[in-house]
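> Residue strings, one per chain:
Protein chains: 2
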Amino acid sequence: MLTASDAARLVATGETRSEQLVEACLARIREREPAVQAWQFLDEAHALSQGRERDREWANRNRAGGSALGPLHGVAVGVKDIIDTSDMPTEYGSALHAGRRPEKDAAVVTSLRAAGAVILGKTVSTEFATYAAGKTRNPHDPTRSPGGSSSGSAAAVADGMVPLALGTQTNASVVRPAAYCGVHGFKPSHGRIPRDGILTLSPTLDTVGMFARSLDDIDLLARVLAGVETVAADSRTPPRLAFVKTAVWERADLPTRATFAALSAALGSACEEVHLPEAHAGAWDCHRTIMEAEMAVQLDREWENGRDRLSFSLREQLGRGRDVPASAYQRALKRRTQLADSVAELFTRFDAVLTPATAGTAPPLETTGDPAFGTLWTLCGVPAISLPLLHGPDSLPLGVQLVGARGDDARLLRHARWLEDRLRTA
Amino acid sequence: MLTASDAARLVATGETRSEQLVEACLARIREREPAVQAWQFLDEAHALSQGRERDREWANRNRAGGSALGPLHGVAVGVKDIIDTSDMPTEYGSALHAGRRPEKDAAVVTSLRAAGAVILGKTVSTEFATYAAGKTRNPHDPTRSPGGSSSGSAAAVADGMVPLALGTQTNASVVRPAAYCGVHGFKPSHGRIPRDGILTLSPTLDTVGMFARSLDDIDLLARVLAGVETVAADSRTPPRLAFVKTAVWERADLPTRATFAALSAALGSACEEVHLPEAHAGAWDCHRTIMEAEMAVQLDREWENGRDRLSFSLREQLGRGRDVPASAYQRALKRRTQLADSVAELFTRFDAVLTPATAGTAPPLETTGDPAFGTLWTLCGVPAISLPLLHGPDSLPLGVQLVGARGDDARLLRHARWLEDRLRTA
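In the order they appear, the protein sequences are chains A and B. Under our numbering, think of the first position of the first sequence as -7, with each following residue one higher. Under our numbering, think of the first position of the second sequence as -7, with each following residue one higher.
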């Protein structure tokens, strides 16, 4: 299982052809897809043909003025099925949009292609990227959920089907599946990656994110998509980490709570427990008000024309969203600004927040799991990453979430590197 | 009746003392206030003492390093009673806030004092700067309205009680009273002048504005408050003016419609009638939805604690605002963005829009008049100015409204100058 960074290097030096990499991905998918079901759309011939085209570009790279190869030249990427692709369907995880064929690539797909990537296929999204589970299973245990809403992207990367995949997060849809599937899941600062050509659920909250099997690969993809320039840090200088339980701490299961308390203690002087002001307890209601009120507007056509083909849980969400008064919505937006200011203040004293990515390991298939440990950070628009550094008592992956200051994505990735080094050498 | 520019020059050269200017304002107020009733708060001794302090500063101007005098040194300014002043009450035009004494000056008041101005007193605002008339009368005819909501500011400037005054506009609250009272009323681009320390009605719409008796004075005050740097233009080069009737044209009375048609024709090749796209007709509903929904949140405490002491019309507005669904509010905000984009496009082809400031001359005292001719431009956040260049058949003032591109306040003021020169020499 090559990482994207290794794969890009091997293609660039000519040691491997892109077509071979794509074929290796397809071979793995043929073997494992019946169990994992990570893909919504996959056309083997089209994927291989993209690989061959990248190989031709490589062969011609020094002709006609010598155009430089992109940093992802020949590397396969999976794309969540709410992100438009001009050459593949984009169905939003809903029967209402079965067969939908966008005319244009989303801005992130354009960036990927410009960087030389091969768009391998479309990964399963939950219904409209909300809570109703899709077909995908957790690669570590087929009776467990991969999390959601970026279910297929997390599972495909975890299972070695593709080294990189794109997702989106409106509540915990990158961090949660990454944690359950045991991969790296990075949600940059809100607005950092352009959302053109992606299903809009909540303009205030929707954020593009990414999955990979190493921090190097996250760095690589964050540079391509968000212009995040990580600099090699002196990993011996420890950051100041704030261990934050948040108001939903009690929703974590006992082993998870014990594990994080132990992790915090083991980090010694680098980590200090910080209690958020009481007002932060309102963040979860505030998030729900904004998300549901905005979803109700964005999915109004689906409500009007196909309500009966929506899941019960989505119908409930949209029904509540349609009933939100403008006053409650405005108060929630104002509250959000206040909470974000308060969280920003935290990052004047600490380099990053350390907190669970989820309430525990992957739950049974019927649910996509509790998003509560992503909510506050998504609401505040701050960057967050789930690192696959721990395991639960069931031996399934347990993610460590690090959260950074809004706009300072590079610093967050640097401190994530420090934490990985520290835990792996411990 | 000195203009502010003349007054500032006379004080700067030592030909006049600030205390004399203040005393002249007070003398005029003593004479005329019983008829006009423009002032909500006026402390003669405090005003004179500010003047004497400015005179001391003038006398000491060359001592101790020679601090330069501000551009409004010694000049009196009236401040609308929804704008906080640390040394005078600010009562929002409502019995609910009788005797309210803010601790701090609003940002605009700080700027005025830093520029050397004397804060003469607080001018009458309608109730919470909305539609219910206050006590002020039109200086040209005591049976007529001065307009609102910046009633006292417009009337005080028109009557020669003070050369400059501040107002605010959420619908047409600067442009309308300026037109009815026959003075210059300038509402800069939304967000151009900071609103800290001013009653918030609608964050999306509220804009600080100003009144004066000459364009030179508007230039001076716009420079102090908004950093607008007007440059002397070649007034012989005509701008490209778009005569825009808008969807509310039929609400203008017949003489007003005839006057503007004639004005447009008289401007010849400098002015061309432009029809806005059909979609603009939705602007007035869109404005009302946003304004009422936001007012309901901003005046929630007043509604909860003193609904019975609000005017009937304000209670009706707040009641409607409380019933706006979040979906309608979001759609109105989106609609506003689309309308603003469409209006912005207009300014790629034209330098300014020419349109009535009001539906006619000042109405009877019971109302503050129809705000419809201000609505579209306030909604789009573009700068607008009412110029006292016309009269109705009743010999009362009729304002010409010029509207410019958002952010290009200086260009608008330059074209206003051209229009004044053209009409005054015609």
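Treat the hints with care, as some may be off.
Just so you know, same-sequence chains aren't split out, so a pair can sit in one copy or run between any two.
Said to hold, decoys possible - Heads up, simulated EDC-like pairs for lysine to aspartate or glutamate below, C-alpha to C-alpha not over 20 Å straight-line:
{"no.": "1", "residue 1": "127", "residue 2": "362"}
{"no.": "2", "residue 1": "326", "residue 2": "188"}
{"no.": "3", "residue 1": "237", "residue 2": "49"}
{"no.": "4", "residue 1": "96", "residue 2": "7"}
{"no.": "5", "residue 1": "326", "residue 2": "35"}
{"no.": "6", "residue 1": "326", "residue 2": "337"}
{"no.": "7", "residue 1": "326", "residue 2": "294"}
{"no.": "8", "residue 1": "326", "residue 2": "133"}
{"no.": "9", "residue 1": "326", "residue 2": "25"}
{"no.": "10", "residue 1": "326", "residue 2": "292"}
{"no.": "11", "residue 1": "326", "residue 2": "245"}
{"no.": "12", "residue 1": "326", "residue 2": "221"}
{"no.": "13", "residue 1": "326", "residue 2": "400"}
{"no.": "14", "residue 1": "127", "residue 2": "270"}
{"no.": "15", "residue 1": "237", "residue 2": "358"}
{"no.": "16", "residue 1": "237", "residue 2": "265"}
{"no.": "17", "residue 1": "237", "residue 2": "362"}
{"no.": "18", "residue 1": "237", "residue 2": "343"}
{"no.": "19", "residue 1": "127", "residue 2": "7"}
{"no.": "20", "residue 1": "237", "residue 2": "221"}
{"no.": "21", "residue 1": "237", "residue 2": "208"}
Keep in mind the hints are simulated off the structure, nothing from the lab. Please read these numbers as outputs of a predicted model, since none were measured by experiment.
> 20 Å Cα cut-off: does residue 326 pair with residue 35 within a copy, between copies, both or neither?
For residue 326 and residue 35, the Cα distance exceeds 20 Å both inside one copy (46 Å) and across copies (38 Å).
> Check residue 237 against residue 208 for me: Cα-Cα at most 20 Å, and say if that holds within a copy, between copies, both or neither.
neither (28 Å within a copy, 60 Å between copies)
> At most 20 Å between C-alpha atoms: does residue 326 with residue 221 qualify within a copy, between copies, both, or neither?
For residue 326 and residue 221, the Cα distance exceeds 20 Å both inside one copy (32 Å) and across copies (34 Å).
> Have a look at residue 237 and residue 49 and pick one of within, between, both or neither, based on CA distance no larger than 20 Å.
This pair counts as neither: shortest intra-copy Cα distance 50 Å, inter-copy 58 Å.
> State whether the alpha carbon distance between residue 326 and residue 245 is at most 20 Å within one copy, between copies, both, or neither.
neither (32 Å within a copy, 42 Å between copies)
> When Cα atoms must be at most 20 Å apart, do residue 326 and residue 188 count as within-copy, between-copy, both, or neither?
between (26 Å within a copy, 16 Å between copies)
> Under a CA distance limit of 20 Å, which applies to residue 237 and residue 343: within one copy, between copies, both, or neither?
Within one copy only: 16 Å inside a chain, 57 Å across chains, cut-off 20 Å.
> When Cα atoms must be at most 20 Å apart, do residue 326 and residue 25 count as within-copy, between-copy, both, or neither?
So residue 326 and residue 25 fail the 20 Å test inside a copy (45 Å) and across (42 Å) alike.
> Using 20 Å as the alpha-carbon threshold, which applies to residue 326 and residue 400: within, between, both, or neither?
Close neither inside one copy (23 Å) nor across copies (29 Å); limit 20 Å.
> How would you label the pair residue 127, residue 7 (within, between, both, or neither) given a Cα cut-off of 20 Å?
neither (37 Å within a copy, 86 Å between copies)
> If the cutoff is 20 Å on CA atoms, where do residue 326 and residue 292 land: within, between, both or neither? Let me know, please.
For residue 326 and residue 292, the Cα distance is within 20 Å only across copies (14 Å; inside one copy 24 Å).
> Are the CA atoms of residue 127 and residue 270 at most 20 Å apart within a copy, between copies, both, or neither?
neither (39 Å within a copy, 46 Å between copies)
Comparing the model with each earlier hint shows violations of hints 3, 4, 5, 8, 9, 11, 12, 13, 14, 15, 19, 20, 21; every other hint is respected.
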